[in-house]
Each structure stands twice: as C-alpha cells, then as structure tokens.
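Novice: Please arrange chain D on chain B, whose structure you already have, making use of the hints.
2 protein chains.
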Amino acid sequence: MADGGSVELDELFQPRCVAVIGASNRPGKVGTSLFRNVLQAGFQGVTYPVNPSWKSVSGVRCYPNIASLPDAPELGVVIVPAAQVPATIDELGRAGARGAVVISAGFREVGEAGAALEADVVRRAAQYRMSLVGPNCFGVFNTDPSVSLNATFSENLPPPGNIAFVSQSGALGAGILQYGVAQRIGFSRFVSVGNRAGVDENRLLTALGRDPRTKVILLYVESLANGRKFLEAARGVTEEKPVLVVKSGRTPAGERAAKSHTGSLAQSGRDQLYDALFEQSGVQRVNSLGDLFRSAKIFSTGLRMEGPRLVVLTNSGGPGIVAADAAIRNGLELPVLAPELRASIAPGLPSIAAVQNPVDMTADVGARQYREVLAALLAGDAADGALVIATPTGTMTGSEVVTSILAVRSSTEKPIVACLFGLTDLSEDARSLESHGVPAFTFPEEAVEGLGALARYHAWRTRPRTEVRSFPVDRATADAVLARARATGASVLPEYAARELLAAYGIRFPEVGVSRTVDEAVRLADRIGYPVVLKVASPDISHKTEVGGVAVGLADAASVRDAWARMDRSVRGAAPTARIQGFEVERQIVGGKEVLIGMQRDPGFGPIVVFGLGGIYVEVLRDVTFRLAPVRPLSARHMVESVKAAPLLRGVRGEGPSDVAALCEAIERVSQLCVERPEILEMDLNPLIVRPAGEGIVAVDARVVLAPTSRSEPSA
Amino acid sequence: MADGGSVELDELFQPRCVAVIGASNRPGKVGTSLFRNVLQAGFQGVTYPVNPSWKSVSGVRCYPNIASLPDAPELGVVIVPAAQVPATIDELGRAGARGAVVISAGFREVGEAGAALEADVVRRAAQYRMSLVGPNCFGVFNTDPSVSLNATFSENLPPPGNIAFVSQSGALGAGILQYGVAQRIGFSRFVSVGNRAGVDENRLLTALGRDPRTKVILLYVESLANGRKFLEAARGVTEEKPVLVVKSGRTPAGERAAKSHTGSLAQSGRDQLYDALFEQSGVQRVNSLGDLFRSAKIFSTGLRMEGPRLVVLTNSGGPGIVAADAAIRNGLELPVLAPELRASIAPGLPSIAAVQNPVDMTADVGARQYREVLAALLAGDAADGALVIATPTGTMTGSEVVTSILAVRSSTEKPIVACLFGLTDLSEDARSLESHGVPAFTFPEEAVEGLGALARYHAWRTRPRTEVRSFPVDRATADAVLARARATGASVLPEYAARELLAAYGIRFPEVGVSRTVDEAVRLADRIGYPVVLKVASPDISHKTEVGGVAVGLADAASVRDAWARMDRSVRGAAPTARIQGFEVERQIVGGKEVLIGMQRDPGFGPIVVFGLGGIYVEVLRDVTFRLAPVRPLSARHMVESVKAAPLLRGVRGEGPSDVAALCEAIERVSQLCVERPEILEMDLNPLIVRPAGEGIVAVDARVVLAPTSRSEPSA
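Chains as they are written, first to last, in this note's numbering: chain B, 101 to 816; chain D, 101 to 816.
Treat the hints with care, as some may be off.
For chains that are exact copies, the list does not tell them apart, and a pair is met inside one copy or across any two.
In silico lysine to aspartate or glutamate, EDC-like type, Cα no more than 16 Å apart, as pairs [unchecked claim]:
no., residue 1, residue 2
1, Lys129, Asp464
2, Lys315, Glu340
3, Lys341, Glu379
4, Lys514, Asp481
5, Lys644, Asp801
6, Lys644, Glu686
7, Lys315, Asp244
8, Lys129, Glu255
9, Lys514, Glu108
10, Lys129, Asp244
11, Lys514, Asp668
12, Lys744, Asp668
13, Lys315, Glu620
14, Lys744, Glu719
To be clear, the hints were calculated from the coordinates, so they are not data collected in a lab.
The following block holds chain B by itself, in its conformation from the complex:
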C-alpha cells in the first residue's frame, strides 16, 4: 500500500494545481469529459491538460508532458493507457506531485500481468510518498466552494452539502451521484477507490473525519482492506461523525479449511463478523443503497436523537399506524404520553382526535394545531424526536403546514422528519422543509428507518465506556505450555496442555487426577467427590470413547471399581499397543448450562471471539455472536445477551439465573489469551458449563490450535 501523503489527504481534496494526464478533445473519451468537468465545476486552483497529441484541450493550453508544466502539479489525474501509468507516476513524482488519481483500467482486474503492473504503480507512488487513488476508478470530487474540484467523469454533480461518500464501485458511484442530483442530496466529497491499491477506506475515514465540511460519511464496500484497521479508524471517527455503510458481497469460500468448530462458524458466519465489526466500531450498517441515502438525509441535518422515543403526529390514522409499526421494527419506542401532556394538548383538538402516540388529530385540524401540538410534544421530555405526517386537505394547504413545522423546527434541537401526502404535488413543500432541516419522505417507513439509525448512533456515542480488563494470569505456565508445543511442532495442543494453558489464564476446569491403580482411583474419587468420570490416559489414544475409554456418572466407589475393570479390559482389547499412563478421575459437572466460547484468528480481522449456547444452539441453530478481540466488559455482556437463547441463562421454567458474571469474565479471559498469544490460531471451549449464579463456570473440553509457523497480527 502506498503510504505517502498527508493524514488529511489535502493533496487529493484541495490541491492548488491539478494536471490531467491524458486530457483529450476526442468526443466520448474519458480524458475529454474529465478535463471538461474540472473546468466546468469552476475549480478554484489551476488545472493543466497534459497530452502530446494536442496543442490545447477544451480551449486550454495543453502540455506535452508533466516536466514541461509551468507549475508543479500537486495532484495528477491519470487517464493514459495502463502500460504508461508507471512512467507517468514517476514523472509526477519527479515534478513534486503529492497525489495521483489513476482513472485508467487494465490492472489487477484483468489478471496477473495487470496485477504486476499495479504493484509497480504502487511501488513508484510509495517511492515518491504520493497518495494514490485507484487505479480503475471513477475519480474524486470536493464541492467546497473554495476548491470546487470535480475530477470525475460525471458531468452533473449533486449540490454542495455535508455528506461524504466513499465507493468501492465506480458504477454505483456514478448512479448515486445521479441520484443525488435528482433528489437534491448535498455532498461534500466523493472518492471512488477503484482497485484500492493505495488509499483505502481506512485512510479516507480518518481524512474525512478531519474534514470540517463533512458531517456524515457513507461507505459502499464489497470487502474491507483490513478489518482490524477499519475498527481502529472507524472508532476514531464515529466518536465525532456518523458513518453509514452498505457492505455487499456474500461469503467467499474460506481460504483454508477451518480446523475447529469456531473456525467453521467464523467461515459460515462471515457476514456476522462484519456485523460485529460495525457494531464494535459504531458504524451504522444499512441494508440497501436506498436506505443509505435516505438515512444520510436525516443524519445530514446534524441533529441528534438523544433516545429512542419517537412521537408521531398525524391528521390521518393509516400512515400513523404504518409509521408506528416501522418505528418498532427499527428499534424505536412510541412512549405513552403523560396525562398532563395529553391534557394540555387535547383542548385544541377535535373531540374525536386520538391523543395517544401516534397523535391522530383527524382531518379537521389546520396548520395552527400542527404548530401548537408539535411544539408541545417536543417542548418537555416526552420524546426524543418527531415524525410529522400531514395530508393537506380543505383545512390547510401544504405551505401552511410547512410553515407550522418550520416554526417548531427553529425552536427545538430534536429531529423532526416529515411525510406529506396529498391530492396535489407537494414536492415544492417537501423541498422547502428539507432546505430548513426537516427531511421529507414519500412513505412513513422510510422516514422512520433513518430515525432509528440516528437514535442508535446517539446510543453509541453515549454508551457506557468500559476498559479492557487485564487479568493477572500465570504467564510462566502459559509460556511453558506453548514452548513445549513449539518444541514438538504440534499444531493441535494435547487436551491436557490446552487445559493447562487455559487454566493459566483463569479458566476453571473440573478437578482431575491420574490414578495408576484401582485403589488410587477410588481414593481420588472419594477426595474429588462423586459423581466422577473415568477416562483412559494415553498419548496413543485420541478418541477415547471409541475404545471404551470413557465412563461417566460413576456415583460411588463400587461403580468406579466396576468401570475401571471394564475399561481396562476394553481398552487393552481395542488398543493393545497403546501406552496406558493410567486412568483419569474427574469430577463430573452436574447441572448448569452448556455454552461455547471460541476464538479464531482471521488474516484481516485478527482474533475473533465467538460465543453461543452449546450443543444444538450452536451446531444446529447457529445461534452465535462474534466480537473482535480485545472484548471489553460491556461487549462481553452484549455477546451473552445477544444470542437468541440468552433467556436460558437468565433462567426459565422455574430455574434460577446462571452465573453470567463469571461467563462474561471467561469471555474476557479468552480474549486476553488470544490477544497476548498470537501463536494461537483457533480455540474452542466447548462445552463450558455455566453454573448457577455465584457458582462460576467450569470448562469441560478445550481445544487449542497453534499457527503452523510463527505468525503475527495483521500489520498495523
């Protein structure tokens, strides 16, 4: 990746001098429209066409090469054939350019030779510490009037505004700009990242986070350059500015066969990983491009919805009901209005009005009631935002109700969105609302979706902050276990070693001892307490059950003796050559809930922790949740609460609650282990038993897979 350029990427967004290499006069050529677009958008710097074939381009004096330009270009926009791009980058670099936007195609997307060419471009850009956008991209624009740069091949730009958009697809970028023009959605900046060889969404997030004109950042991504770095970049930005994302692209086939349960979950639940990533970074994921821009319209008002409580004001029942349904679906609440508030509103309304929430004022009311009731609903602490639905009828015109809404708009900080229905074209009225910070929508559902995202974003910004906990652990033991494994070259730790390692990190296992005689086994069982499990201990037997090497539910000394005799016979019969080190006697855990805590290390995401209720819930219902490690206390609790089977841990059918506090701590301890021990590739604690509240957890089985060779975190 080309790592040059400034953090703010000013060389891309506000260059003083732009060279368009490959500018042309030939109709239909990208070089023709792009240079014309730079001129037409009224660029406030100076732009030079570069092309040895033309004396002037679009009436501007053209230069045969970069070296002959009268000024040093700060940014080069490159539209030459792919093969000439590396030399062009060199020329730009020599001329002192700090950035290059490579529109040209014919790189990685066309196969191996193209990929090699792309690598060459990246190398040269890095050498000159240039910011590289593309190749194979649609360009960059900045609507800031002090810049007015349109280095894209889109002729029509949406109006200036505060929404920045980063797209991994050029075509979608084009479509969306056109949509912005049609819907009058105001944009601040736009970048098509193309093949993303240089500047990626992570650098852009940071740069756009610092742009004072950008208040909302939209992303369209098909993959992330690096999930772990996205988390870091996005967390930095979402503290200040909302980031909304559409993530497309279905599960790619796993690159390597997963060796553990958690591994296979992480492969099949790849999209859930993205959900976890976006949730942990405060990024609002939306389901469709339509949602993205509708939500952006609401975010771009800059208003906050400081809680989920929505009040719906309407003069017709149906749209109110539709809005109420959508509000609940989108995680909003429709608070019951306090009696005093209802009493203060009711006198101004017809007797048949429903002073509930939605407040259905009925068709008899006029603009005055809209103003008075909306003001009353938002004045106190009854609601965090309002949806106003109005069907102008004989009692009021569209412009009257708009005036009412805007009067309230100017006296509150709470968001107001609107749906105007009517018998005549109300689009002028809608525009008038939107230009004063009241986004307007055709259908109530669309209005409510964005409000849901707005409330979620506020909840993110004001979430309780918890710090990653670092538990005191037995490092010496963990070091020893891992050193031993490295020495043997084992990739899967023997179970006892896995237990030792996890125990060193504070995960409790059942008490166990190894007996060499039957009397020793009984003594051990007497000490440990019944019921016990008896298991053969042999380095040569990996599937103990298959050789009759496991007996469970041994309730007393006699049963231990019986089981010992039977097992000794059966194991020696089934595995005559196995070295038998003895028989393990282990306390059998009775009662409690089985869960799985696992970890997988992903090349892009780093260590991922997975949690789910054990057995059927994980294996059949796939009821699991993921987080990128390190997992903070609050995230651990969210993990536990977010699975569908979570009520089982709270206690159902007369049972008491399970020890969720101990479970959360176990998740955090696993997180700590996988952050501190990068050589661990995958791990499962499955099952881990969560005992009743106050009694802690006990892991019953542990599996730890090490990286084949020494392996480090994705580079930071």
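Specialist: Chain D alone, transformed into the frame defined by chain B:
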C-alpha cells in the same frame, strides 16, 4: 354488513348514472372538488349534482333532491352531513340506486352515537340491497376508458393501467395516487373502504378478480373484516391474479385472557397468524408501501417468473454484487451457467469479462453485447428471469442499451427488469423501458425484491395440490366424551377425557391401566413393558405431584412395589379425604423429540393449528408456526419444516430422523378434530413425543378447553 349489489360490483365501478349528493360550488369543499373531478375525468356515463342550495354545480344543472333526477342513478356518491346520510340512502334506494359511496365522516370513528348512525346506514343500504362503500372514505375510481369514473377527491389520477388498489386508509390512498402520478404507475381501479361498514376487502377481492382490466391487486389493510373469509376470497383470486398486501397494525391486546399455551402463543404471535393466512391464500405480503408499489410495477407486466433462477447481466461489478446479495435475501437463486452456455457467450466479450452469474461484461462492451448475451442467457433453460444493469459509458448511450434490451424483451416470455446508472439523466430511457414491459429501478435491490415476489407467486400457482385428508375416526366415543362434558358444564376437559377424545381421533397415547392392588399394578407393568410411570387416580386430586402421587422411571417389578407402598402412604397422608380410585400404570416414553401441537379458535380466523418443538423452543424461543385449519398434507409438512428447530427432527449429531410422516398426520388429525368439533375452543398436545422414523408419535399430555356455551364458526 350490507350484502346487496352484484358480485362484480359493477354498480360501483361502471355505473351508467351517478348522482353526487352534496355537490357544491363552494371552494375548498369536498363536494366541490368531487363533482368537478367526476366531470374532469371525462365520465362516460351521466352525472347529476344534487343539492337544494344550488341551481347548477360546475356549470351542470343541479337537482334539489334525488327524487327529482331525470334518470334513476345507479350509484350515489354521498357528501352530506352524517346525520342526513340515512335519509339519503333511503332516497337513493327508492330511486333504484344499486350502490352508494359514502364520503361523509362522523360515524363509527367519532364514538358510540356515530356507530349507531353507521349501523342505521348499513341497515337501510341492506334493505335496498345496495352496495355500500364507506362511510368516511376517499372514494372510488375506474380508469377504464369506457367508464372513466373518478369519484374521489383527488384531482390528479395516475395513468390507466392494470393495478387495482384497495386501501383501508384514505390518506394513504391519496398519497399513493400522488405517488402513482409522479412515478407513472398505471392503475385500473381504486377503492377507499373507509369504515368498511358495507363492501369490504373480501368482496372487493372477488370483484376485482373478475375485472378483466385488473391484472394485479394491491391491498393496504390494518385489520381484516374476517380472516376466514379472506382466505376463501383470496384463494379464489390468487389462482388467477397476484394479490400483494401491506398489513399494518401491531398486536391488539387480546380480547379475552388466553386459557392455554396455544392461546397465549396465538395472542403474542398475532402477526405470524397473518403471515400464515397470507401464505395459505397465496397472497404476497410485502414489508412497506415502497415495496408494494415497486413489486406491483413488476407484476403489472403480466410476465411470469417460472422459477427462482435469476441471471444478472451487468457492465460493472459493484451493482452486480449488490443485486446478487439481494437476490439471495429474496429467495432467488443465481444458477451457475453451464459450460456450453458460457462457451457460447464468452467469444463476444472482452477476455477480462467474468462469465459467471452475475455476468460482468465490463465497461468495454456496447449495446450489441447486451443484446446478444441477454438473448443467449434467456433463450434456453438457464434462468427464469433477468436483471440487466447498465452504466452507459463511452461505448454506448442509454437509448442504445434500451434498444438492445427491448429487442430481447420482444423475443422472450421471461421477465426482464433493469437498473440504469449513469452520468447523465437516464429517466427518459427508463420510461422507454417501462412502457415496453421492462420495469426500471434506481437501485438493484429494489428490482430484485419484486422479482422474488414474482417467483414466489409462480411457485404458489404451480404448487403441488394436496386435498384435506379425512381420517376415519371413532365418532361415537368423541360424541360421548363431548356430551359428558356438556352435561357437567366443564369448560376444561379432565385429562382422561381429553385423551379419550384425542385417541378417538387417532392420536396415540402411552398404554395405561388402572390398578387397585399392588399385584395388579405389577401385572399391568409386566404386560405394558418397563419402564413405567405410576400415578394416583383420584377425582379429588388435580395436582398429583404435590401429594407425592407420581413416580417415574420404574424399571422393574420391585420398583413398582416400592413406589406403590410409598405413594399409598404419602397420598393418604397428604390428602386423607380424597377418593382414591386406584393407581394408573403407564408406559414411560423414553427417547424421541418433544413437540407441541395445539389449536386455538379465533373469532375472525376460525380454528388455528400451531406447531413447534416442545419446551424451550416454544416457551423461550417462540419458535412456532401457525396455519388456519383445515391443514392439508402439504401445509402440515411446511409447518414441520418451517420452524427453526426443524433440523432436530431430521436428525443431528448422529441421531437418526424422527417420524415426521407420523407427526404430519398428527397435525392433520388435530386439524380434523377442530374443524369437526366447533365446541372445542383451545387444545394443547404438549408434549407430544415424535419417535424415530417408523415408530410413530405418542402424546404425553393433553389439554382441551371447550367453549363456555355452544359456539359456531364465524358466519360464512
């Protein structure tokens, strides 16, 4: 409900003579705009204004009352004050009118007095066998050029087309007509049903089903007049025409406290009941008003998608990926293209084109490739429909690609939808596509949603038809059980009676016998087979466990003797006055999966059958599914397959499959029982044990609740 009028409702949709009672010249009055709208829409019949205050209205001679009209009106549109409506209906009836559209408000929606007035209006309309629309409605229109009736207060009508729309909300109706105008969505007929006192969605479904100009029927409903009749009406229509619905309105508080588990599930899962109803009637439920109209645009082409296989053709990757994601979400498939097909396509494309599905031809192709490749993709049996995504670039204009798409459109019966993205306004190109049967959308997701619904509708029309099975049952026993219960006035059947009733309908229970002596108990147990359960049998003990009256897991004769002695002591101690009839010996069921089959009778929906996996799955995870009885074999199987825990019945973790065939039959038998025995209000078989394949089912517990008084199905 007013039951007059014709099945086709021609008196509403194509009256030859319309009287507008309450027509006016006063600006802003509904009577003013409504009469003007009738004139302006170019009504092909004759319309008369009726109003004693005016000599002429909108230049047309006005009559003081209905009696003085020169012709008999076939339809009256009523806009007089509420109190005058009953008399107006009388006048219309006496004049021979066959239909009335009551726009006037002031009825049920304003309280009790209004409700009484409404009942009066209904009574009078029924007396004259008039079809009554409203009151409190927005009107009716029919765009058929031989009629051209606009009896609404909307001045702008959408263009003529083949979409009929029935709305339970006037305001939404108004909004949607406006949307239709803006989006050029063609409508055939529109009805705002208002308070739905007379004509309801069920009659309209039937009538619109018979209208040859209507090809798609859209419904917006907040409640259904009668769920059971909706099922019948809709099933009739959906065989021929697609019906799409938005159903809004959250769970109303249950009218009566539910007495059984199934009852409480049916209350809390009310929205799932609607899902079941729509599924059983072939009605496509969509999630939002936006979806409704976008899907309608696709359905209105009249094309069928005869399977779920979608091919996506694009010249840019991003939108293709977005479309692919959306296709999977919407139940469509993206088939892998056969090698021969790929080989036939590839030569015409650039070498870097991805001849997969999506077929990404890359930006280098022109309109010719669009035509050739699209034709090839749809010519054979590779796909059932196509989404064409095009970003016009230097290689082709919007109108060229439109020409290509339309060339293929005319040579295939498969649906084609389009997304055009571009650097310039392509709305004229999109319009051109739409006018020739290729719906166009801004975003790929929107295109794909409607195709999913189209494929689902075809699957419905071509579903395997199964007939309701009628099992031979022991009617005499069932009659006797119910007669006995009626005699005692019991509303909850004693468990033995519930078992007897269900056993008479073929539900198997564990073998059981009553013993009076301990020797008899052992003999019984020896015959039945171990393990057994021993239970005290007493009419005076309802909670057997509490008095120590239940012993489970008795594995041999000695255990039965022990348990008998202990139980005899404990029960006599705890309930000294209880009459002990003996001790039941019952085979204990070991192994198998617990499920629940239940039934609840709903006032509007009639008998509803519920199914879910027992215990946690039903109680905590609410993983249940509903169907309106009678349940056909195919529906029974769908019920079993549709719960999330269904894999457990197929066998997981090395278990074999459960006896799903027997389970389905049990569901159908429960369905038969509740259809044949309307006095049963609620019923639970919980748990019912599904044994391994071939071993059938055994119910362990049964609960049957009878209607307090004699009770019949919702009137047909």
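Novice: Each hint needs a verdict: does it hold in this structure or not?
Specialist: Checked hints:
1. In this assembly of identical chains, the alpha carbons of lysine 129 and aspartate 464 lie at most 16 Å apart only when taken from different copies (12 Å versus 60 Å within one copy).
2. In this assembly of identical chains, the alpha carbons of lysine 315 and glutamate 340 lie at most 16 Å apart only when taken from the same copy (9 Å versus 51 Å across copies).
3. Taking the closest pair of Cα atoms, lysine 341 and glutamate 379 come within 16 Å of each other only inside a single copy of the chain (15 Å); across copies the shortest separation is 43 Å, beyond that limit.
4. Taking identical chains as interchangeable, the C-alpha atoms of lysine 514 and aspartate 481 lie at most 16 Å apart only when both belong to the same chain, with a minimum of 11 Å there against 56 Å between chains.
5. For the identical chains of this complex, lysine 644 and aspartate 801 are intra-copy neighbours only, at 13 Å inside a copy versus 40 Å across copies, given an alpha-carbon limit of 16 Å.
6. For a Cα distance limit of 16 Å, the shortest separation of lysine 644 from glutamate 686 inside one copy, 14 Å, qualifies, whereas the shortest one across copies, 38 Å, does not.
7. Within a single copy, lysine 315 and aspartate 244 get their C-alpha atoms as close as 13 Å, which meets the 16 Å cut-off; across copies the closest is 50 Å, which misses it.
8. In this homomeric assembly, lysine 129 and glutamate 255 come within 16 Å of each other (Cα to Cα) only inside a single copy, at 13 Å, whereas the closest approach across copies is 48 Å.
9. Taking CA atoms no more than 16 Å apart as the test, lysine 514 paired with glutamate 108 passes in neither setting, with 32 Å inside one copy and 51 Å between copies.
10. In this homomeric assembly, lysine 129 and aspartate 244 never come within 16 Å of each other (Cα to Cα): the closest approach is 27 Å inside a single copy and 49 Å across copies.
11. Within a single copy, lysine 514 and aspartate 668 get their C-alpha atoms no closer than 75 Å, and across copies no closer than 70 Å, so neither meets the 16 Å cut-off.
12. Proximity of lysine 744 and aspartate 668 under a CA criterion of 16 Å is satisfied in neither setting, with 44 Å inside one chain copy and 44 Å between copies.
13. Taking identical chains as interchangeable, the C-alpha atoms of lysine 315 and glutamate 620 are never at most 16 Å apart, the minima being 72 Å within one chain and 84 Å between chains.
14. In the homo-oligomer, the alpha carbons of lysine 744 and glutamate 719 lie at most 16 Å apart both inside one protomer (14 Å) and across protomers (12 Å), since each shortest distance falls under that limit.
Consistency note: the structure conflicts with the earlier hints numbered 9, 10, 11, 12, 13.
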